[in-house]
Amino acid sequence: ATLGMWGMFRHILATEGLVGGFSYGVSSQILRATTYYTFKIGLYDVIKREAFGERPGHTIPLSRKMAAGLSAGGIAAGVANPCDLIMVRMLADRTKPPEMRQNYGNAFGLMLRLHRREWMTGFV
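First residue of the sequence shown? That's -18 in our numbering, and the numbers climb one at a time after it.
Treat the hints loosely; a few may be bogus.
FRET-style restraints, in silico, Cβ to Cβ [claimed, not checked]:
| hint | residue 1 | residue 2 | range |
| --- | --- | --- | --- |
| 1 | L(-16) | T19 | 36 to 42 Å |
| 2 | M(-14) | L93 | 33 to 39 Å |
| 3 | T15 | L93 | 30 to 36 Å |
What the hints contain is simulated information worked out from the structure, not anything from laboratory work.
Remember, predicted model here, so these are calculated numbers, not experimental data.
All C-beta atoms in this analysis are idealised placements derived from N, C-alpha and C, irrespective of residue type, glycine included.
Let the sequences and hints guide you as you build the complete structure.
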């Protein structure tokens, strides 16, 4: 039987509570989003200026702005990749039976755990 959106909402509240049901993995999502968007937005202007020569009074063509945006997005995606791994591991942990869960506390705790146990191989 399908529960629908409101039925699922009630089910999650009843089985896991408000905090447990809706906040698990939020720290990993925030970490990933802030890392990715900070790098993407920050690199865009740097790439336009340093790689394509944009400066006040001298704008660059749209094609170069697009290249700067693609470059900034690609670099940001590479930098944020470990944060994606953390987010996926935290959210996937929730789908396991309770006795098999790792119960990661938050994204930073998982990041330290990965660093200690797997070092960089856990992020690749």
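Right, here's what the structure says about each hint:
1. L(-16) - T19: 36 to 42 Å: This hint holds: roughly 37 Å between Cβ atoms.
2. M(-14) - L93: 33 to 39 Å: Cβ of M(-14) to Cβ of L93: about 36 Å, so the range 33 to 39 Å holds.
3. T15 - L93: 30 to 36 Å: 18 Å, violated
Of the numbered hints listed earlier, the single one contradicted by the structure is hint 3.
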